[in-house]
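**Student:** These protein sequence lines are chains A and B, in that order. Under the numbering used here, residue 1256 is the last one in the first sequence; the count climbs by one each step, no gaps. Under the numbering used here, residue 1256 is the last one in the second sequence; the count climbs by one each step, no gaps.
Accuracy of the hints is not assured; some may be wrong.
Remember, identical chains collapse to one label, so a pair may be satisfied in a single copy or spanning two.
Okay, derived cross-link-like pairs now, SDA-like style, lysine to any residue, Cα gap no bigger than 20 Å in a straight line [said to hold, decoys possible]:
#: 1; residue 1: K1207; residue 2: E1146
#: 2; residue 1: K1183; residue 2: G1211
#: 3; residue 1: K1183; residue 2: R927
#: 4; residue 1: K1183; residue 2: P1056
#: 5; residue 1: K1183; residue 2: E1146
#: 6; residue 1: K1207; residue 2: G1189
#: 7; residue 1: K1207; residue 2: D1250
Read the hints as simulated data drawn from the structure, not as lab findings.
There are 2 protein chains.
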Amino acid sequence: MRIDDLDTPCLVIDEALALANIAAMARACADAGVALRPHAKTHKSLLFSQAQMDAGAVGLTCAKVSEAERVAPAGSSVFVAYQVLGEGKRRRLAALRERNDVITGVDSAHAIAEAALVGTRANPLPVRIEVDTGTHRTGVSPAEVPSLAVQIGRCPTLRLDGLYSFEGHVYNSSSAAERERIARDAVALLVEASRAITSDWEALARSVGATPAVPYYLRAAGATELRPGAYVFMDANQVSLGAYWEQCAATVLATVVSTPTESRAVVDAGTKTLAADGVPRGKVARVLGHNLWVTRASEEHGIIECKGDHGLSVGQRVRLVPWHVCPVVNLADRFALLAPDSGVRWCPVDGRGCSA
Amino acid sequence: MRIDDLDTPCLVIDEALALANIAAMARACADAGVALRPHAKTHKSLLFSQAQMDAGAVGLTCAKVSEAERVAPAGSSVFVAYQVLGEGKRRRLAALRERNDVITGVDSAHAIAEAALVGTRANPLPVRIEVDTGTHRTGVSPAEVPSLAVQIGRCPTLRLDGLYSFEGHVYNSSSAAERERIARDAVALLVEASRAITSDWEALARSVGATPAVPYYLRAAGATELRPGAYVFMDANQVSLGAYWEQCAATVLATVVSTPTESRAVVDAGTKTLAADGVPRGKVARVLGHNLWVTRASEEHGIIECKGDHGLSVGQRVRLVPWHVCPVVNLADRFALLAPDSGVRWCPVDGRGCSA
């Protein structure tokens, strides 16, 4: 099967580019002596989580238990970087522990109490305390860490594995200097909070996230582990934060269905294919090889608007680099894996829709 | 199975509310003597397309051929309100015609030429010309309609069935008066464009879309057919445009996973469950029974922020009315159909992800 045989819209992953991104991140972490635990939320694919493990990752990160069930290679270490609550999820987490080494996140007495029901005295559940380093989502302030550590210490079915944070606010940064500051501050906070718990603080994991902050995490010694996700495929958002178009491995193949005016063309990929998650005004997706963007989109229409002449014609196929790749992959049941010779083969998005 | 047994996040559809919405729309159209051809893009479910047909719809509307393949009841009339291009789709459309009466949309000479390859002399393909009534997406200006009609007339494998439009710009309206003007203008444009084609213009379909414009389409005599989609479930966006919270049949059941501050709580449903499509600032989803909104979301976190005290606790379950329901349903492989006694049963989202 060739790329020309694909019906549109269709998610296409360039295998060589994705593997190069995986290798480059593994090398950067190895050189810095920091563990890499990639977040599977971007690819949601066993194929790529295995490739990340083969390249030297210490394990995987997953957002949810159901995601871990589908995309963690058997035997691998999996950090479910989330509060696991409710009887149904606790049961699934216990089952997951039969084939994977599992770590989970906690940020409240309630979450600690529920996690304690999953671990056993013979096999305590390792937990990490989530620290809010500025994203203001979940996580506790550094000042609250010691009290949670004490609570964990009182549970014989739990083991305190370390601290973690996610620097989502780096996506709102406007300069490399600001990204550097965010990364340095986060690492410093985790180090400080670790020291406040125990004199043996160096043994605790200090795990940080977010692809655009990676170069700065690595320079700010003190993090023991990185959890980037988007780096595997990159996207227009990552390019806006320092990556390169040449690294973008995920594109949506689309067909021009209408050219109502010289300055407006419409493709058959809208928000049900390209997603609308976090997209800034006018930048739903970049049209590869053309100086054009999908500037707005409805569910099944991507609208390319420009100042001059778009130069596209009805029936023409284009490849689009989405703004934010993670939700795009999650919309697709499968992707076409593109080889250097333009041959393609279908691969499932194993963890698609796994948000439970 | 009861609603309390569901793991979260989970899409829950209140069956009685959805059926009431279906009945009300069918009644309004019947009273006005206008045909109803609901858009299946919202529910993507054979269960609900069958319910719409049972309530008196003349047929269905689908955005794409793959959607029609999955959600159109056998034997029903289906309008694929899209330009069907490419050999693969033409083949699928021809196959679909073996079990359904199919109509498609065209807005260019290229689309007409491709459609002509699907119809046969013995069984011409009915086509409708898409007219841009102000959304500025696909569709031709009313002035271009006659020339397309002539082109269609020259193809013995096609039959001109009528005109259609979609008033997407009604979603940007700020008053009922503006919605009325948009609806009246659209209907008037289709009537005028029909008259420009043929003296037998009354025999042509004049089909308009968009749920919030429905009351005004019905008053502005001249449309022969309505294609609303979102009315089946309603959502916070529809409420902002005149619908009622009591009509909202689709909710996402979620669990509070963290309460970092008195004014911030976090649920386990983010943009991978609630979607981010068209969401205005601060209104990702409304928390049912609380005076609260999910004000921002990342992929797996919905963040509820308020001025005072949210009053929620970790582990508590809430039901969320999404801003825009169509992409929310498309994210779910299945939904829990809720009966009045709080019993639930699983139903597939048959057309999930069908954008080809």
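**Student:** Run every hint past the structure and note whether it holds.
**Tutor:** Now the hints, each set against the structure:
{"no.": "1", "hint": "K1207 x E1146", "in the structure": "neither (25 Å within a copy, 45 Å between copies)"}
{"no.": "2", "hint": "K1183 x G1211", "in the structure": "within (19 Å within a copy, 38 Å between copies)"}
{"no.": "3", "hint": "K1183 x R927", "in the structure": "neither (32 Å within a copy, 42 Å between copies)"}
{"no.": "4", "hint": "K1183 x P1056", "in the structure": "neither (51 Å within a copy, 42 Å between copies)"}
{"no.": "5", "hint": "K1183 x E1146", "in the structure": "within (18 Å within a copy, 36 Å between copies)"}
{"no.": "6", "hint": "K1207 x G1189", "in the structure": "within (17 Å within a copy, 47 Å between copies)"}
{"no.": "7", "hint": "K1207 x D1250", "in the structure": "neither (41 Å within a copy, 40 Å between copies)"}
Of the numbered hints stated above, those contradicted by the structure are hints 1, 3, 4, 7, listed in ascending order.
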